[in-house]
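K.L.:
Chains A and B supply the protein sequences, listed in that same order. The opening position of the first sequence corresponds to residue 1 in the working numbering, with each subsequent residue numbered one higher. The opening position of the second sequence corresponds to residue 171 in the working numbering, with each subsequent residue numbered one higher.
Hints are not guaranteed to be accurate.
Below, computed lysine-lysine pairings styled on DSS-like, alpha-carbon distance capped at 30 Å [to be verified]:
#1 B/LYS205 / A/LYS78
#2 A/LYS117 / B/LYS225
#3 B/LYS287 / A/LYS46
#4 A/LYS136 / B/LYS287
#5 B/LYS205 / B/LYS256
#6 A/LYS117 / B/LYS273
#7 A/LYS51 / B/LYS253
#8 A/LYS83 / B/LYS205
#9 B/LYS256 / A/LYS117
#10 A/LYS149 / B/LYS310
#11 A/LYS117 / B/LYS268
#12 B/LYS205 / A/LYS54
#13 A/LYS35 / B/LYS310
#14 A/LYS140 / A/LYS54
#15 A/LYS117 / B/LYS287
#16 B/LYS310 / A/LYS95
#17 A/LYS140 / B/LYS225
#18 B/LYS287 / B/LYS310
#19 B/LYS319 / A/LYS46
#20 A/LYS96 / B/LYS268
#21 B/LYS253 / A/LYS78
#22 B/LYS205 / A/LYS140
Honestly, the hints are just simulated from the structure, not real lab data. This one's a predicted model, so the numbers in the text were calculated from it and none came from an experiment.
There are 2 protein chains.
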Amino acid sequence: MYHLLYPLRTYLVVSGNEEERNVMTADWISPVSYKPFILCISISPKRYTHKLIKKYEEFVVSIPTMEIINDVWVAGTKSGPEKLNKMRVNFVPSKKVKTMSIKEAIANIECRVIDEKNYGDHTLFVGEVLNYSYNKDAFKNSTPNIDFKFIAHVHTSEFVTFDRDSIVNI
Amino acid sequence: MYHLLYPLRTYLVVSGNEEERNVMTADWISPVSYKPFILCISISPKRYTHKLIKKYEEFVVSIPTMEIINDVWVAGTKSGPEKLNKMRVNFVPSKKVKTMSIKEAIANIECRVIDEKNYGDHTLFVGEVLNYSYNKDAFKNSTPNIDFKFIAHVHTSEFVTFDRDSIVNI
Numbered sequence: 001m002y003h004l005l006y007p008l009r010t011y012l013v014v015s016g017n018e019e020e021r022n023v024m025t026a027d028w029i030s031p032v033s034y035k036p037f038i039l040c041i042s043i044s045p046k047r048y049t050h051k052l053i054k055k056y057e058e059f060v061v062s063i064p065t066m067e068i069i070n071d072v073w074v075a076g077t078k079s080g081p082e083k084l085n086k087m088r089v090n091f092v093p094s095k096k097v098k099t100m101s102i103k104e105a106i107a108n109i110e111c112r113v114i115d116e117k118n119y120g121d122h123t124l125f126v127g128e129v130l131n132y133s134y135n136k137d138a139f140k141n142s143t144p145n146i147d148f149k150f151i152a153h154v155h156t157s158e159f160v161t162f163d164r165d166s167i168v169n170i
Numbered sequence: 171m172y173h174l175l176y177p178l179r180t181y182l183v184v185s186g187n188e189e190e191r192n193v194m195t196a197d198w199i200s201p202v203s204y205k206p207f208i209l210c211i212s213i214s215p216k217r218y219t220h221k222l223i224k225k226y227e228e229f230v231v232s233i234p235t236m237e238i239i240n241d242v243w244v245a246g247t248k249s250g251p252e253k254l255n256k257m258r259v260n261f262v263p264s265k266k267v268k269t270m271s272i273k274e275a276i277a278n279i280e281c282r283v284i285d286e287k288n289y290g291d292h293t294l295f296v297g298e299v300l301n302y303s304y305n306k307d308a309f310k311n312s313t314p315n316i317d318f319k320f321i322a323h324v325h326t327s328e329f330v331t332f333d334r335d336s337i338v339n340i
């Protein structure tokens with residue numbers, strides 16, 4: 001019943017390098033530390049991404065919006081590197097890691113693996129953020145701009161975004 | 171720039187037992203494993219909740235909605251056990267842990283700490299879920315019902331919920 005924590009934000013995770021590369025959709029990501037900026041991501045050993053992260057010890061978390069929801073769906077349901085042919089996003093070099101960033105994402109967070117451990121049927125990778133790039137309009141004054149239609153995963157093929165009119169400022 | 175992962179879902183975390191108890195607001199929670207159901211939560215050692223989780227090795231993740239946003243705000247901004255006097259929620263016994271559940275939450279996830287490690291300025295606690303209870307209307311067929319106004323944290327005092335009309339079913 002992990003569904004009790006849903007809806008959860010959906011992200012893209014890029015792994016590998018220029019020669020071998022993959023992208024998967026991942027909901028199980030969380031910040032871990034402010035300073036240094038560290039995050040964690042839980043990935044099944046069944047995933048090709050798992051192998052690539054183990055091999056290169058790097059990954060990039062890319063922030064998609066509803067504009068590229070079809071690519072998010074392909075990345076989350078197709079397996080292996082051939083899925084890249086079915087996706088429309090473009091890859092651009094990252095600054096501090098060899099793993100590529102995604103041009104159409106509103107942010108790319110470049111991570112180096114500093115720890116990993118298996119829990120249950122997944123591996124929790126802990127990554128220190130070495131660099132990040134982002135769309136200034138989407139994150140002005142460190143505040144996400146709801147107009148950018150951040151994606152959250154509801155269940156299987158169902159995704160949702162936020163309602164600007166619902167914002168509560170306490 | 172942990173803000174790049176925001177908006178993030180906001181949860182309540184109950185710690186302690188009947189004698190000493192605390193509730194805090196936490197955004198840094200993620201599922202880790204399906205079977206067994208394991209989750210992780212990152213908490214600053216400055217928090218009273220941190221001490222209580224270290225001491226009792228249990229915690230409960232409670233899922234709030236906009237109906238109790240004021241309590242979410244108090245739990246996230248006030249410190250120490252006296253904040254409980256400023257909150258309106260009611261505590262009810264959990265089934266498998268001594269830490270209490272929150273009556274007004276739409277779900278309560280009872281966890282036992284199975285691992286913990288410090289990363290940067292936080293401690294990542296990994297908890298195995300021993301039991302959960304939930305509102306059947308809010309999670310029918312394992313699918314969160316958007317009408318229940320799940321809370322996401324935008325920035326500091328700003329919270330938002332999801333837009334049912336934005337649901338995409340691919």
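K.L.:
Hint by hint, which ones does this structure get wrong, listed from lowest number up?
P.N.:
Of the numbered hints given earlier, those the structure breaks are 4, 5, 6, 7, 9, 13, 14, 16, 17, 18, 19, 20, 21, 22, listed in rising order.
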